[in-house]
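Asker: Given next are the chains, with one letter for each unit.
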Amino acid sequence: MEPKSFQLFPEAASSIAGQVDGLYAYLVLISAFFSLLIAFLVVFFAVKYRRRNDEIPRPVDEHSIGGMVLEIVWSVIPLGLSMVMFAWGASIFFTESRPPADAMEIFVTGKQWMWKIQHNEGAREINELHVPVNRDIRLTLTSEDVIHDFSVPAFRTKTDVLPGRYTTEWFRPTKVGQYHLFCAEYCGTKHSGMIGTVYVMNEADYNTWLGVGSGEGSMAEQGQSLFNQLGCATCHASAINKGNGRCPNLNGLFGTTVELKDGSKTRFDESYIRESVLYPQSKIVAGYDDIMPTFKGLVTEDGLLKLVEYVKSLGPANGTQTSATPAAVETSASQPKTPAQDRTSPQANSRPGNR
Amino acid sequence: MASQAADPHAIAPGATPLQHHFESADHQKDASTIGMWVFLVTEVMFFGGMFLAYFVYRQAYPTAFASASNKTSLLIGAANTTVLICSSLTMALAVHFAAIGKKTLIVLFLILTLLLGGTFLSVKAYEYHDKWVHHEVPGHNFDCEGCTDAGHTPLFFALYFGMTGLHALHMIVGVGIILFLIVQANKGAYGPAWHTPVELFGLYWHFVDIIWIFLFPLLYLIDRSAVPK
Amino acid sequence: MITATPQERPKKNYINATEGLKSWLLTHDHKRIAILYLLGVTFFFALGGLFAVLIRLELATPAGDLVDSNTYNKFFTMHGIIMVFLFLIPSIPAVMGNFLIPLMIGAKDVAFPRLNLLSWYIYMIGGCFIITVLFLGGVDTGWTFYTPFSSSYSNGYVIASGLGIFIAGFSSILTGLNFIVTIHRMRAPGLTWFRLPLFIWAHYATSMIQVLGTPVIAVTLFLLVLERGLHIGFFDPAYGGDPVLFQHMFWFYSHPAVYIMILPSMGVVTEIITTFSSKKPFGYTFIAFSSVAIAVFGFIVWGHHLFVSGQSVYAGMVFSILSYVVAIPSAIKVFNWTATMYKGSVRVTTPMLYALGFIGLFTIGGLTGLFLASLGMDVHLTDTYFVIAHFHYVMVGGAIMGFLGGIHYWWPKIFGRMYNEGWSKISAIIVFIGFNLTFFPQFLLGYMGMPRRYHAYPPEFQVLNVLSSAGASILGIGYLIPFCYLLWSLKYGPIAPPNPWGATTLEWQTSSPPPTENFEVTPVVTQEAYTYSTEEVVHVG
Chain A
1 MEPKSFQLFP EAASSIAGQV DGLYAYLVLI SAFFSLLIAF LVVFFAVKYR RRNDEIPRPV
61 DEHSIGGMVL EIVWSVIPLG LSMVMFAWGA SIFFTESRPP ADAMEIFVTG KQWMWKIQHN
121 EGAREINELH VPVNRDIRLT LTSEDVIHDF SVPAFRTKTD VLPGRYTTEW FRPTKVGQYH
181 LFCAEYCGTK HSGMIGTVYV MNEADYNTWL GVGSGEGSMA EQGQSLFNQL GCATCHASAI
241 NKGNGRCPNL NGLFGTTVEL KDGSKTRFDE SYIRESVLYP QSKIVAGYDD IMPTFKGLVT
301 EDGLLKLVEY VKSLGPANGT QTSATPAAVE TSASQPKTPA QDRTSPQANS RPGNR
Chain B
356 MASQAADPHA IAPGATPLQH HFESADHQKD ASTIGMWVFL VTEVMFFGGM FLAYFVYRQA
416 YPTAFASASN KTSLLIGAAN TTVLICSSLT MALAVHFAAI GKKTLIVLFL ILTLLLGGTF
476 LSVKAYEYHD KWVHHEVPGH NFDCEGCTDA GHTPLFFALY FGMTGLHALH MIVGVGIILF
536 LIVQANKGAY GPAWHTPVEL FGLYWHFVDI IWIFLFPLLY LIDRSAVPK
Chain C
585 MITATPQERP KKNYINATEG LKSWLLTHDH KRIAILYLLG VTFFFALGGL FAVLIRLELA
645 TPAGDLVDSN TYNKFFTMHG IIMVFLFLIP SIPAVMGNFL IPLMIGAKDV AFPRLNLLSW
705 YIYMIGGCFI ITVLFLGGVD TGWTFYTPFS SSYSNGYVIA SGLGIFIAGF SSILTGLNFI
765 VTIHRMRAPG LTWFRLPLFI WAHYATSMIQ VLGTPVIAVT LFLLVLERGL HIGFFDPAYG
825 GDPVLFQHMF WFYSHPAVYI MILPSMGVVT EIITTFSSKK PFGYTFIAFS SVAIAVFGFI
885 VWGHHLFVSG QSVYAGMVFS ILSYVVAIPS AIKVFNWTAT MYKGSVRVTT PMLYALGFIG
945 LFTIGGLTGL FLASLGMDVH LTDTYFVIAH FHYVMVGGAI MGFLGGIHYW WPKIFGRMYN
1005 EGWSKISAII VFIGFNLTFF PQFLLGYMGM PRRYHAYPPE FQVLNVLSSA GASILGIGYL
1065 IPFCYLLWSL KYGPIAPPNP WGATTLEWQT SSPPPTENFE VTPVVTQEAY TYSTEEVVHV
1125 G
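Taken in order, these protein sequences are the chains called A, B and C.
As numbered in the numbering used here, residues 1 to 355 make up the first sequence, in order.
As numbered in the numbering used here, residues 356 to 584 make up the second sequence, in order.
As numbered in the numbering used here, residues 585 to 1125 make up the third sequence, in order.
Same shape as in the complex, but just chain A (with noise of 0.2 Å):
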C-alpha cells in the first residue's frame, strides 16, 4: 500500500497470488481472442455483405455451408475451453479452502464496522492485521451482527464472515509490505470505511512486535480463566481441574469425532464447541444428561474464540487419539461426583426448562 496515486494491476504478495493471475491470464486471453473474433466478423460481414442501394437481395443459398458441423464444432471448443476454466478454478479453490494443517493461527471478529483480532500469543488489534512473510496464516472468523467479508486483493483471497459461526480463510504471505484490507460484503452505513492495512513483517520484525502487544496472556491462557469464571470448570474436566464427571471431559476430545445421544456422529471442532456453550441441547454427547444451561447472552463472540482455543489446547495431545468414544471419555473422569447446586456458574440463573 506504498502511496501510489495510480495502478492498473494489484499487487500479488501470497502464495496463491501467482496462481490467481496464471488463470487470469488464460481467461482474459481466451475472451480477447473470441471477442475480437467475433467483433472482427461482425465488422466485417457488415461492411462485406452490405446492400448496395437498391439492390435486389441477392438470393442467398441456405445450405451453402454445413450448418450441423458448425453448431457442433462452436458448441464443443467454448464447452472444452470452459471445462479447462472450471477445472483450474477449482483446483485453485481447493488450495484455498483448505488451510494448512501446520499454520499459525488468528481469530477476526467482524462488527459494524471494525475488524477486531486476537493472536494466539494475546496480541490484539483493531483494522490492522500483522503476520509474519513465509509463513502460513490461517484465519477464524465470525461476526458480531451482519455479515462481513475478510477481503485482502494482495493475496487474492476473501472469505464472508457471519453470525453465528465459523468460517475460515489462509494465506501465506510472501512478499514484506502493507497490502489493504477490506470489507467486501455489504455491511451498513461505514461499509466503506470497514477496512485496514495488513502489515506482512519478517519473522523477527514479527516477533518483536508481538511482544509489545501482548500482555493479557495468550488466547488460551485467557480462555481457561474464562473457562473457571463461567463455571464450566466445576463440571468438565480439563487441563487444570478434575471436573464432576457429569460432563464429557474435554482433555484429548479436540478434532476427534463424537458420537451423539442420538447415534449420529460429529466432529469435535470449533463451531461443535461454540455451539454447544450457545445451544448446549441441540447435539449432546452420548452418555451425558441434558444438564447445561445455555451461555448465550454471557459470553462475547471473542470469548468464545477464546473458550475455543482453551479447549483446542487441551489436546489431542499428538494426533495419536483419532477419536473419542464416550467410554473414553468417562474412564477418564475420575473425579467423584459433586453436586449440582455447589455450582457457582450462570447455571444457578438459568430457567427450570432446561433442566
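Hints are supplied without guarantee of correctness; some may be wrong.
Subject to a maximum C-alpha distance of 30 Å in a straight line, what follows is the list of computed DSSO-like cross-link-like pairs (lysine-lysine) [to be verified]:
#1 B/Lys426 / A/Lys296
#2 A/Lys48 / C/Lys864
#3 A/Lys296 / A/Lys242
#4 A/Lys296 / A/Lys261
If you are wondering where the hints come from, they were derived from the structure by calculation, not from laboratory data.
A quick note: this is a predicted structure, and the numbers were derived from the prediction, not measured.
Since chain A is already given, all that's left is putting chains B and C on it; use the hints.
Answerer: Leaving out everything else, chains B and C in the frame of chain A:
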C-alpha cells in the same frame, strides 16, 4: 394475494362469456384452464420456498423441531384437516352440479364449502390465540416451556406461523371468491354451457387443501412418535 | 401526446380507435397496455438513471465528499431496485412482448386481456411503493436485501420496499402466465411451433422463468418482511437461523431473473439481424432451443453467487461446472447471429447498429461471466467492481441495447412514424462508446480489488473511476438523444409504411399502427418464419 383475484376467468365472468379474441367457447375455456394450471404451478413454487426452509432447518435441528411440534394440538389439527377435506368434497359437488346446471344445488354446496372454510379459519384463529397466550410466538416474549433445545425452537414456530399463515391467507382469498360465486350462481350465471369460474375455482380450492395435506403431517404429526425425553 | 395523431392517418388504428384518458386506463388492448408499460418503464429508467448519475458523481473523487455514507448507500440501493425490478424485468417482455406477441402469432389479443391490464396496475402499485420509500427516506440494504442486515440492522424502509417488489413480482408472474397461454393457444392457423419467430421462443423461455422463479423471490421477501416486521426470525442467527439460506432463496430467483432480462433482448436481436441481413437466421432450431436451455439451466446455477459465503466446496464445484454449461447456449446464439450475416444482404440501420453493439457487449459480458464462474478466480473477484462491470455489460450492454434496438426497430409499427435516421445512428454510436468507457475501467478496478458498494475508496483507484464517471456522462447523453428525436417523430416524423424494413414476420403484414383487432382477416400461415425471396421483399429507400 392479489393474484388469485387476478384471473378474471376464475372470478369475473363478463356479461358476454365469449370474448372477442377467442374463436369458440371451447377455445376460451381451454385457455382459461391452462392459465389456471400455470397459476397453480406458480403457487407450488411459492409454497415451495417455505417447504425448503422447513426441510433445511428440520435437518439442522431435529431435536428442537421434534419437541416443538409436540406443542401443537393433534386433536384440533386432525379435526381441522377433516373439515378441510369435507370442504373439498362439497366443492367438487358444486362443480358437478354446475356442469349439469342444478342452480339450487350449486348454491347449496358453495355455501357448505364456505361454511367449512370459515370453520377451518376460525379454528386456526383459535390455535393462533392459544399459541399467543402460551408465549409460543417467536420474538414476542417467546418461551417454549418444557422444550428440548429450546434455543432453536423459535425457528419451528416461525415456520409454523409462516406456512399456516400463508395457507390461511389463501383460504381467506378463497372465501372471498366463493362469496362472489354464490351471488353469481344465485343469479343463474352458471350452467352446462358455461361454468368455467366454478370449475377453475374448484381447482384452486383443491390446491389449497392439498397444501394443508402436506402442512398437517409436517407441523403436527411427524415427530409425534418420537417424544423426546 | 400519444393520442394526438394527425388527421391524415388513413384509417382507424389502435391509437385513435377510442379517445380520452379513460379509454387508455381501462383498455384491454394489448397494444395500448404495451404503451402504458412503455411510459412506466421509461419513467423508472430515468429515475434509476438519475441515481446512477449521483453514484458516478460521488465516485469521481476518492473521498466521500458529495453525500454522506448513508445517503450514498441509499443511492445505489434505489438504483438497483428500480433498475432491476421496475425497469429491466418488465422492459422488453411487458412492452415489446405485449405489443408484438399477439401480432407475431396472428392473434387478436393475448389470452387474458383483463389480466394483462391488471398486471400493469399491479406493476404501478409496486412502483408506487418504491416511490413512497424514496420520499420517506429510502432504503440502504442494496437490492440484494441480505439478512441479517436487512432484517435487523438496516435503518431504511425495508418492509415497504420488500412489499413493493413483492407486488411488482406478481405483475411479472401474470405477464408470464398470460404469454405462456397466449403462445400455446392463440397461434394463427398453420403457425406451428417451428414456424414461430424466434422472438416468440425467447419470450416463451422468459415466461417460464417468470412463472417458476418469481414466486420464490415473493415468498423470500414475504419471509423477510415477516421477520423484520414481527421479529419472528426465519433467518436470524440468534435462533440458529441461517442467513445464507436467504441468499440461496434470493438467488434461486435472482439469477434466473438475469435471463428474464437478457432472453427477450436476444429475441429482439435475432429479429433485427435476420431482417437486416434479409436472410433466414442461421441455425433456427439451435437459437430456439438455446433459449429454452438457458431458461432451464438458469435455474440450477444460483449457487455461483455464494462461492465465498461458506457453502461447501463440493456445492461450489457443482455450481461452477453448471455455470459453464449454461454459458454454452449463449455462445451458440452469438455464433449463430454472426453466421446469419454471412452472405446476407446487410443493411446497417439504427436497429442493426444496436443489435451489433449488443453482440459485442454481450460477448464481453458473457466471457467475463466465465471469470466469475471459475471458483479460484471468483474468490478474488466477487463483490468487487469486476462483478459490477460484468453484470452491467450483460444488463445494460445486453438488455438495454436490445431494448433500444427493439424500440427503434418497431417504432414505425408501434406509432406509425419514422424517426430521424442520422440522429439515431449518432446516438447509437454515442451509447456504445459511452458504455464501454463507463464500464470497461471497472473490470480493471475489480481485479485490483476495489470492493463494490464503497462510498469512499483508496486514491490509487481514482483515475479509472474518473474515466468511468466521464463515460457515464457520455452514456447519459446517448440515452437522452433518442428520447428527444423519438418524441419529435411522434408528431413530425414521416408516416411509416406497413413494412418499412422488408421484414417477413406477421406483425409487418398489417398496417402501421395496427388496427385494434390487429388483422383485418386472421392470417393463415403456410411457410416457415423468415422466408425471404427476392420477389416478396418490399423496398423502402
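Asker: Next, verify each hint and record whether it holds.
Answerer: Consistency of the hints with the structure:
1. B/Lys426 / A/Lys296: holds, 24 Å
2. A/Lys48 / C/Lys864: holds, 18 Å
3. A/Lys296 / A/Lys242: holds, 25 Å
4. A/Lys296 / A/Lys261: Answer holds: A/Lys296 to A/Lys261 is near 22 Å, not above 30 Å.
Figure legend: structure checked against the earlier numbered hints; every hint is met.
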